[in-house]
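Add chain Z to chain W, keeping to what the hints say.
If you want the building blocks of each chain, they are given just below.
Number of protein chains: 2
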Amino acid sequence: MAAPSQSQRPSPERVFGVLNAFQSSAALKTAIELGIFTTIAEGADRANAIAQRVNAAERGVRILCDYLTIHGFLTKTEDRYALTQESAIFLNRHSLAYMGTLADFLASEAHKRDFDALTASVRKGGAAVAQGDNTKPNDELWVSFARTMAPLTTVSAGFIAELAGAKEGKGCKVLDIAAGHGMFGINIAKQNPNAQITAVDWAPVLAVAMENAAAAGVADRVSFRPGSAFEADLGNDYDIVLLTNIFHHFDVPTCETLMRRVHAALKPGGKAITLEFVPNEDRVTPPMAAAFSLIMLAETDAGDAYTFSQYEKMFESAGFVKTTLHPVPDMPQQVLLSEK
Amino acid sequence: MAAPSQSQRPSPERVFGVLNAFQSSAALKTAIELGIFTTIAEGADRANAIAQRVNAAERGVRILCDYLTIHGFLTKTEDRYALTQESAIFLNRHSLAYMGTLADFLASEAHKRDFDALTASVRKGGAAVAQGDNTKPNDELWVSFARTMAPLTTVSAGFIAELAGAKEGKGCKVLDIAAGHGMFGINIAKQNPNAQITAVDWAPVLAVAMENAAAAGVADRVSFRPGSAFEADLGNDYDIVLLTNIFHHFDVPTCETLMRRVHAALKPGGKAITLEFVPNEDRVTPPMAAAFSLIMLAETDAGDAYTFSQYEKMFESAGFVKTTLHPVPDMPQQVLLSEK
Numbered sequence: 001m002a003a004p005s006q007s008q009r010p011s012p013e014r015v016f017g018v019l020n021a022f023q024s025s026a027a028l029k030t031a032i033e034l035g036i037f038t039t040i041a042e043g044a045d046r047a048n049a050i051a052q053r054v055n056a057a058e059r060g061v062r063i064l065c066d067y068l069t070i071h072g073f074l075t076k077t078e079d080r081y082a083l084t085q086e087s088a089i090f091l092n093r094h095s096l097a098y099m100g101t102l103a104d105f106l107a108s109e110a111h112k113r114d115f116d117a118l119t120a121s122v123r124k125g126g127a128a129v130a131q132g133d134n135t136k137p138n139d140e141l142w143v144s145f146a147r148t149m150a151p152l153t154t155v156s157a158g159f160i161a162e163l164a165g166a167k168e169g170k171g172c173k174v175l176d177i178a179a180g181h182g183m184f185g186i187n188i189a190k191q192n193p194n195a196q197i198t199a200v201d202w203a204p205v206l207a208v209a210m211e212n213a214a215a216a217g218v219a220d221r222v223s224f225r226p227g228s229a230f231e232a233d234l235g236n237d238y239d240i241v242l243l244t245n246i247f248h249h250f251d252v253p254t255c256e257t258l259m260r261r262v263h264a265a266l267k268p269g270g271k272a273i274t275l276e277f278v279p280n281e282d283r284v285t286p287p288m289a290a291a292f293s294l295i296m297l298a299e300t301d302a303g304d305a306y307t308f309s310q311y312e313k314m315f316e317s318a319g320f321v322k323t324t325l326h327p328v329p330d331m332p333q334q335v336l337l338s339e340k
Numbered sequence: 001m002a003a004p005s006q007s008q009r010p011s012p013e014r015v016f017g018v019l020n021a022f023q024s025s026a027a028l029k030t031a032i033e034l035g036i037f038t039t040i041a042e043g044a045d046r047a048n049a050i051a052q053r054v055n056a057a058e059r060g061v062r063i064l065c066d067y068l069t070i071h072g073f074l075t076k077t078e079d080r081y082a083l084t085q086e087s088a089i090f091l092n093r094h095s096l097a098y099m100g101t102l103a104d105f106l107a108s109e110a111h112k113r114d115f116d117a118l119t120a121s122v123r124k125g126g127a128a129v130a131q132g133d134n135t136k137p138n139d140e141l142w143v144s145f146a147r148t149m150a151p152l153t154t155v156s157a158g159f160i161a162e163l164a165g166a167k168e169g170k171g172c173k174v175l176d177i178a179a180g181h182g183m184f185g186i187n188i189a190k191q192n193p194n195a196q197i198t199a200v201d202w203a204p205v206l207a208v209a210m211e212n213a214a215a216a217g218v219a220d221r222v223s224f225r226p227g228s229a230f231e232a233d234l235g236n237d238y239d240i241v242l243l244t245n246i247f248h249h250f251d252v253p254t255c256e257t258l259m260r261r262v263h264a265a266l267k268p269g270g271k272a273i274t275l276e277f278v279p280n281e282d283r284v285t286p287p288m289a290a291a292f293s294l295i296m297l298a299e300t301d302a303g304d305a306y307t308f309s310q311y312e313k314m315f316e317s318a319g320f321v322k323t324t325l326h327p328v329p330d331m332p333q334q335v336l337l338s339e340k
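From first to last, the protein sequence lines stand for chains W and Z. Residue numbering for the first sequence follows the working numbering, beginning at 1 and increasing consecutively. Residue numbering for the second sequence follows the working numbering, beginning at 1 and increasing consecutively.
For reference, chain W alone in the conformation it holds in the complex (with noise of 0.2 Å):
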């Protein structure tokens, strides 16, 4: 619905659909709640038999799913549903590439109601309602984040963890500030035996990044250290140190104070890894690590998606030489590669 109008003459189509585009998560997420995929997957194909598994009404489940169909993510033969290959892979509870979990922290309440007040924020030029600047504990919303978001890092982690030199096996000393689920940091626990992960995050969110490395099997090589990654007692001697999904919360001096903690923690010739959304200069493309921006101008007081020149100056503030750009394949976020 938010493709450009087919006809070549101007339509009010788009404005329509685009006024309109909430109900297209509303729809997703409704589906994932209910298993439409994971019923499919099973093998119900008609919207009386998917009705009668998932516990819903036919005509509920009829509109649905030809709502989905419309969105691309089934197929309708006659009066029978499928899978697309996407859904198959990413909505399927039963695929190991299952994303299901993000619709409970993208799609959330409180996500909702930061964009309800969007025309506050864009006026105050941050967040209007939301939880602040990302350096005090906001434990609710972060131990979600940790909960949902970790099937979306598959790819990255895999990526970080070649970045790292995991398979090498060289003894490996690694901080994982601002953890989360942890799950960058286990990854090269996982790849590489002599590796030793010290994880930094709110206590409440760090519980789940241990049920993760217990679950991994790398619990004995993974240690904890809650707190803010601006006031803890990082430690020091590392070869390496990750930073996921952080530095857009803050605003340009908060990002270089926080690369100057992670120079002063890395051993000489050590490498921070700094994985984003990073725009092109132009700001608009690729279209969604530009798109980031709009989230944290509306759940963040000064946060933003930096270009590539903007983190090559703030790292090198910071004390950095040289740091490069690694595009992570088929996924919207890049690598940042800093040596101390």
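What the hints contain is simulated information worked out from the structure, not anything from laboratory work. Nothing false has been slipped in among the hints.
Calculated cross-link-like contacts (lysine to aspartate or glutamate; reagent style EDC-like; alpha-carbon spacing at most 16 Å):
(1) K190(Z) - E162(Z)
(2) K76(W) - D282(Z)
(3) K112(W) - D116(Z)
(4) K112(Z) - D116(W)
(5) K340(W) - E256(W)
(6) K76(W) - E281(Z)
(7) K124(Z) - E58(W)
(8) K76(Z) - D282(W)
(9) K112(Z) - E109(W)
(10) K124(W) - E33(Z)
Among chain Z residues calculated to face chain W with C-beta under 8 Å, some are:
(11) V15
(12) V18
(13) S24
(14) I63
(15) A107
(16) K112
(17) V122
Stretches of chain W that chain Z covers, calculated by requiring three or more beta carbons in the stretch to come under 8 Å of a beta carbon on chain Z:
(18) 26-38
(19) 105-112
Quick caveat: nothing in here was measured; it's all calculated off a predicted structure. Don't be surprised by glycine CBs; every beta carbon is placed ideally from N, CA and C.
Frame of chain W, contents of chain Z only:
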């Protein structure tokens, strides 16, 4: 963001994009509220100049305008923004086809609340938190509809006036059921000096139609019958009865009941003209008409976007001898013409 992934390989981008799609509704509504498009039309083209004119923060305006560019509502060259053709026509307040008022209705708090409860609606098979069956007054909602949605009627009102033979100028009694803003009847009255219009709707809604009739200079030929289309005395001997955007609110028996009342009110040879979202028999094309079903699931007890064969059957049951389908050029809706 809702477009199919560019990459050949399956990517989580589409799931991510649709879960975040509520942000695009909020961004467009905010831009309309702040008058961003109008301000650019008036000559401001950099974030700081626009911000000054709309009384907002430069940072907020810069991020919002970048987002609008990503979604195709603006273009950006260096740091200067410009309107697209569609934005110039539909989103600039000075344009005759301005449809910014739609934001207040389509993306209203009430409608967003309905979609926040979509999972419950799918389970129930009808609105979980809405206004009931729409045969009882719900003044606030429908006054808002009447005040905001008129811009969307320009093309279809012209098309309907032509089908009604307004330009021939013959004496013609027209009944406009659930008239709302009244623009469909008013447009016939403007084109045919011998047309007499009777508008039926709840009294507070008719107050909006009265204003519009006066503004169009046809107030002396529009009379008003406040009340429910199901209970008010509709009068009789009409040449034309207009039924615009009404059937989709009701279940099939209720639609038939209404159409029988219409049949009784028409003179022999008279015509009922219905404007509706009419999906194809597959119920998943064309996208906008088919997607309208979900709105009816979320907001009514038993409404739907009915197919042509469903309408044909209902109208035949109500006594009409023949119904034909007429697509409205460049619009997502269609007109059904039924002969008594």
